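Chains as they are written, first to last, in the numbering used here: chain A, 1 to 668; chain B, 1001 to 1494; chain C, 2001 to 2104; chain D, 3001 to 3160.
Hints in this document: simulated from the structure, not taken from any laboratory. Computed from a prediction, not measured in an experiment: that's the story for all the values here. Note that the Cβ used here is the ideal one computed from N, Cα and C, for glycine as well. It is possible that part of the hints are untrue.
Going by beta-carbon spacing under 10 Å, a handful of chain A positions derived as facing chain B [claimed, not checked]:
(1) 167
(2) 178
(3) 183
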Amino acid sequence: MSSWIVTNLWLIPALPFAASLVILSLSNVRRKSAAALAVIGQLLALAFSILAFLPTLQTHGFRVVQNFNWFTFGEQTLRLGFILDPLAAAMLMMIALVGLCIFVFSVGYMAEDRNFVRFFAYLSFFSGAMLGLVIANSLVLLFIFWELVGLASYLLIGFWIERPSAAAAAKKAFVTTRIGDMGFFLGMLWLYNRSGTLLFYDGGNGCLESAGLAMLGASPAVAGFIALLIFCGAAGKSGQFPLHVWLPDAMEGPTPVSALIHAATMVAAGVFLVARVYPLFSLGAINGVTPSLTVVVWIGVTTALMAALIAVAQADIKRILAYSTVSQLGLMMVSLGVGGVAAGIMHLLAHGFFKALLFLGSGSVIHGCHGEHDIRKMGGLRRPMPVTFVTYAIGMMALSGVPFFFSGGWTKEEILHATAHWPRSHATYYLMLAGVVLTALYMTRQIIYVFFGNSRSASERVHESPRVMTTPLIVLAICAIFFSVLLTPAWPWLHTYLTGESAQFELVRLIQPMFFVSLVLVGAGIGFGIWMYRNAGAPERNRPAEIDPLEYAQPALFRFLANKMWIDELYNRTVVAFSWMAAHLSDWMDRYFWDGLVRGFGAIGQLFAIFTTSVDERGINAGVDETTAGARSLGRVMSTAHSGQIQTYLGVVAIGMLALLLLYAWLA
Amino acid sequence: MVGLITAIIFVPLLGALAVCTWPQKNGRPIALMFNVISAACALGLWWKFDTAATELQFVERHEWIPAINAEYLVGVDGLSLLLVLLTSLIIPFAFLARPLPGGRGFYATMLVMQSALYGTFTAQNFVLWFLFYEMSLIPAFLLIKIWGGENRDRAATKFFLYTFFGSVGMLLSFLGIYFAKGTFDFTTLASLGKHGLLTGRLAWLAFAGIFVGLAVKVPLFPFHTWLPDAYQTAPTGVSMVLTGVLSKMGVYGFVRLLIPLFPNQIKIVGPWLLVLAVCSIVFAPLAAWAQRDLKRMVAYLSINHLGYCMLGLFAVAASPVVAAEIDMHAALSGVFMQIFNHGITAAALFYFVGLLEQRSGSRRSVDDFGGLMQRTPLLCGWMSVAMFSSLGLPGLNGFIGEFLIFKGSFAVAAAFTAIAVIGLLITAIVFARAMQSLFSGPLAESCSAFPDLLRKEKLVVVPVTLLMFVIGIAPQFMFNIFNTTVVQMSRLLS
Amino acid sequence: MTPTLQIFLIVSGALFSIGLLAALSRRHAIFILIGIEMMLAAANLNFIAFWRFGPQHQPPTGVMIAIFSIAIAAAEAAVGLAMVIAVYRHYHTTNVDQLDQLRG
Amino acid sequence: MNSAAFIIIAILTLGAALAAATLQKLMHAALSFAGAFVGVAALFFLLGAEFVGLVLVFIYIGAVAVLIVFTILLTRRDVGKDRGFNWSGVAIAVAVFSGLTWSILKTQSLSIIAPHIRALTVKRVGEALMTSYVWPLQCVGLLLTAALIGALVLVMEEKR
């Protein structure tokens, strides 16, 4: 039974794709069938995912690939394939489950929307592409799904198409990720060139297996470059510095989209990609350190800290979460970079649950507040929205990394643990610790602003969301808590599942030094947050109500952070302006320089023509176009010979004949 | 008994006659009928085509001008067949485009051009080939000149002078070759080419003549400045044919003539040719970015897409290193795929621009539209598919060709390929910008009365788009057409 | 002395020149037609003469061409005269000086 | 071949032709035209192409000359107008004539005497027309029909 799905893995992405196609062909009023189709498609995908997950439990280091020919060009063949291994199976489970919750949530959240049907078509399309991405056994196939999730993201960010800001954000996301993708594309070409195959695993001949790696290992520098180029793609998709700018803007999309694509799944694809091709990164590693991994670490650290800092000063509820996502993705990258692949993936999975929970929670809040995004206008929501509040608090704890009860705490500890043992530098470890404090701080700030204090302008007449929206919240909250069962050091089942070992139960390992470090840091972050924001949203001494406490204390710093460190402005002034200038320059060159050059040649020819035909000199300065005019004036001169008198013509013919006759006689 | 190829060449000519003598004003039904016949012939060719055979197929050879050793010699290999199929597809597609200049003359001229195109792609002898090559030029000129829009005189003259100048150079070069070798036969010349057809300065002159002639036709940077004007002003259907098929004549010429005949010369100037190709790839979309006129924008992107073809060809033929077999096969297959894909995609883009133009009353600046998605979701949806295909989104046809071209050229010209990737990026930017300003935002007042895709338009759009999907997902049937040719050709080159 | 081929050719050339003279110098359209007919007759004379003096073939090519040429000349004369009438109706003149529709 | 007969016929022919080209009165010119053609036909007889000579007489005298006369009558109102004469035509004609004569005289191979030949009977001509020349014959028939229709169309009264 289960082996059947193992050999038919394509079914998992195919079902949502099929659902999407059917929904697209529905008319705009068939709302119920659209939603039902999407949910059924996703449900089946989840069922198949579970079926596919089961066999991977039976053996350690389970890995089945099915490769097939895509096409034959010349005498060569391009092969694609699907893979099922613990990494893929775990991702499948997470994506299908979170996806299902979000699909259900969307039924409620988007109920009023005009383009409800189209929304579900896009959402199913995304789900299919994302599921396909994680089971791809070929870099090409991965790239194909990679681009398709990018397309889905583009369509869904710009879903409210009548808003110019949504369209601009969609364009920005598309272009920015594509910059990274071009690096990915080049890396893929290079890898193909070097190893002769793009299949990851192919019975020993894949590019990630001994034969392929041996071919690459001949020049480790090249392998490093290839890895870095691929990392460009990962950085673009996962919002790593300096390509992170699109992700916060992507919050223009509907909230379920933000939850599914820009928090739980697609943005994590970059992390997944690095984990998938990890052998390339670690090729020729000494002590687990390679130049490419070092780059990954530093990019990750920069991103994590920068985004956490910016999150502290944002006012838009979704933007805070977006920056938090960027920060967490940076954390995962750090984990991968320092060698903690399993830790990174575990955090990815856990993050998928709790960040989706947080986003759906924020969606519920926004829904309740009639579309308001600004946290400074909310307040006191814990009473009218109890379910949302409790689940949101659970999500917040998990994100902050409160130890012991919440999944995020365990995975974060594991990452910190890996970072602490990185031989290259200890600075990353301390910077990561700072990141943990900041995370706790901005989440505390947000929750105080939104749920505590007095109700402000937007939070009047607030209602709890309908059941269809709260149920997914509850499911996800349960996941966020009970997922930690698989994560504890006492029984590190997920860790061993991913690394292919067997888990031993040992209660002693539950208490580790990192546990206390984490406890202190999170406590400090939350405590500082409560102290600082205890009166947020209300006037306090000399501070008016609408001014943020931090802004009051450190106006310059706050402005710097609130404006996202002016990175967007910097890009606009440099990269964007430069490209735009280049575009205009090209256009100008084309219109005037190249065309002028050609006209110049035309003019030379024309000059020659003028000499030989003694046509008037009017057209000397003109170009190709004027040549016709020249020809026309020549024609005018010639046409005076055409009197229209047939006798003249006949006479000329006779003279011509005579001339020919004489010529002939003379020759003979 | 008339051979299938002769039939396919002459059916459109008969069609042109029939259209001229047709009593009704509207020549479209009869023109389309003849298109169906020629498409049936093309399908027949495909049906009977032996994909494993290495030599030319359906060869017809008759005495023609014995004095100069010129025969009527036609035949197809994989590449020719591909282009014949493309022609059979694009011409009726162009006839269904709008806004459409009326009158029988338009259809008759188009049909004459179609015949010339078939001839160009099947002729295996230079004299015959050149005859058809030039025969396509005149209808194209007339179509721009008579039925064009604003600035048509200027654009038509520019087009004519450019291409004609190129053709003259090519003719002279071939006369030089003829006097040296005494034959016009492509196959014979190609087998002679390996050892150098000509020597010394003469060889370079002949090379330059043919190169410029073909580079103008493709067009390759910096011989491209006629193109934006011509495509912009030509009526939609003509633009579709110009970009979909006529530009392929240049690429075809490179594959069939220049590369087999002058392998040594190409090797020497190779890097410079690659520079030109990369310039086409990078500067053209940059210029497209700065355009406001949609047709002009698509025209510039056409230059970019044909630049990929040139990149693949030059990388294989011009690199000092002999490419590995896999890279040669990849690059050549990629180029052939790109020829076909660009043909349908660019034609589809022009078709959609034409639909917009018709709805807006012949305005087509990006500023004239806005928020179309609210008013005409189907039109926008299908048009986006064409756009995504053009920017090389996987799952659609454009990706296959581009991936293979890049794969093949990366191995031999990594630096150039790396720069060329920028072209992919800029193309994406151009389309993202176009989609933003056309489809999204508040509905522009001028667009508030646009009808959505009509049924007859759907009938045109859906099959073409489906073809894009099919090629993008399961392209093997396309590769089958030309795989043997690719293998043959790469043997010739190595 | 019997006449040689040369003499016949010279007579034919003279007839041709007279025809040309008529076609070139006279203003009346009918004269032009007459001139053309004479030029054609001169050509026919040439054909017959060459046939008579040249090597004999079966069928007699020169004679055949002369016959066809006469037939075509007749057709030409008919159409030409019809055109003269038509032009006369239109412009009320047969004077070719006044007909310059061909002017470039 | 009789040399005296040839000289007389040639002089008459050329004289009539010259008259046809130069006479003021159109009707006179038409009659001279007919005369010139009689002369040409006589030359044909002299050359042994009796059948062609007869055809010439029938067609030119019987048909073309009559047509010309009809045309003159139909356009009679125009006859009286002043015509003038283009002297450059004379110069060209003389030049052509001298050029032709010069080149004919210069070519030595042309001074040959007529060989004895088998008589060209009408039967032989007919055989040739119906065998080797049957396609041209059909085409000429088509052409004549077309010319007939064309001439009719041209002279038909224009409909108001």
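Each hint, compared with the structure:
1. The closest approach between the C-beta of residue 167/A and any C-beta of chain B is roughly 3 Å, which is under the 10 Å cut-off, so the hint is satisfied.
2. Against a cut-off of 10 Å between C-beta atoms, the interface hint on residue 178/A holds, since the closest Cβ of chain B lies about 5 Å away.
3. Because the closest C-beta pair between residue 183/A and chain B is about 8 Å apart, less than 10 Å, the hint holds.
Every hint from the earlier list agrees with this structure, and none is contradicted.
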